[in-house]
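K.L.:
Residue numbers for the sequence shown follow this note's numbering, so the first one is 1299 and each next one is one higher.
Accuracy of the hints is not assured; some may be wrong.
Unchecked claim - Computed beta-carbon distance windows for the label pairs:
id: 1; residue 1: 1460; residue 2: 1301; range: 45 to 51 angstroms
id: 2; residue 1: 1435; residue 2: 1462; range: 26 to 32 angstroms
id: 3; residue 1: 1309; residue 2: 1332; range: 30 to 36 angstroms
id: 4; residue 1: 1333; residue 2: 1401; range: 18 to 24 angstroms
id: 5; residue 1: 1454; residue 2: 1300; range: 15 to 21 angstroms
id: 6; residue 1: 1480; residue 2: 1390; range: 38 to 44 angstroms
No wet-lab data here; the hints were simulated from the structure.
Note that the structure is predicted; figures quoted are calculated from it, not measured.
Each residue gets a CB set at the ideal place from its N, CA and C atoms; glycine is no exception.
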Amino acid sequence: MLRHAGRAVPWVLVAVAAVGVAGLLALVRWRPWTLWPLEGVAVGLLAAAVGWCLDEPAAAVVDVTPRGIAWRTAARSAGVAVLLAAWATGVWFARDGLFGHPGYVLLQGGGAAAVAVAWTTWRRVGGEATPGGRWAVVVVPLTSAWALVRPFEASAPVFPFADQGWAASAAGWVAAGLGAATVLAVVLVRDGRGSVR
1299 MLRHAGRAVP
1309 WVLVAVAAVG
1319 VAGLLALVRW
1329 RPWTLWPLEG
1339 VAVGLLAAAV
1349 GWCLDEPAAA
1359 VVDVTPRGIA
1369 WRTAARSAGV
1379 AVLLAAWATG
1389 VWFARDGLFG
1399 HPGYVLLQGG
1409 GAAAVAVAWT
1419 TWRRVGGEAT
1429 PGGRWAVVVV
1439 PLTSAWALVR
1449 PFEASAPVFP
1459 FADQGWAASA
1469 AGWVAAGLGA
1479 ATVLAVVLVR
1489 DGRGSVR
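Could you build the full structure based on these sequences and the hints that come with them?
P.N.:
Structural data, given as structure tokens:
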């Protein structure tokens, strides 16, 4: 499985995204009151890179092998783990600039990564070879715009600011993560090629 991960995961992209995520969070720590939207951009970059880890450029070859999507997703999760470690490290480093809510910010990254894994895997089972690239093109601008404009901030805070809306945001991210886990489980079971062995 590690050999497959070594060849299948876009490690250069993972490294660039990991440094980018940590760098954006470091900027937030430096000037949280003015650069807070970069936290949302970092969430989008994390989600985009996670989706890209699950792309399968050689889908015509690997889709006909006995190893199902569950095995390939598990193998590619090494890249996802590196990205989540970079997210956790960035949050830990930036904790003083996160308005006393580093746990909630950590949760945002986990929720975004879960949604990325579920959506990309669902599209892979549907026959798309590289849905992560399309996912990235949508998710980075969308999260960036949402972090800047902050629509529906009073009723549906996605990237809360200062001391407002953190509990509601956490509930939304937990719901997104649980929904994504459910979708992922259904998709992996429906692939029908067996376990992660």
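K.L.:
Does each hint fit the structure? Answer for all of them.
P.N.:
To see whether the hints hold, each was checked on the structure:
The hint said 45 to 51 angstroms for the Cβ distance between residue 1460 and residue 1301, and at roughly 47 angstroms that hint holds. Evaluation of the 26 to 32 angstroms hint for residue 1435 and residue 1462 yields a pass: the beta carbon distance comes to about 31 angstroms. A hinted range of 30 to 36 angstroms holds for the C-beta pair residue 1309 and residue 1332, which are about 34 angstroms apart. The hint said 18 to 24 angstroms for the Cβ distance between residue 1333 and residue 1401, and at roughly 20 angstroms that hint holds.
With their beta carbons about 41 angstroms apart, residue 1454 and residue 1300 fall outside the hinted range of 15 to 21 angstroms. A hinted range of 38 to 44 angstroms for the beta carbons of residue 1480 and residue 1390 is inconsistent with their spacing of about 29 angstroms.
Hints 5 and 6 from the list above are not met by this structure, while the remaining hints are.
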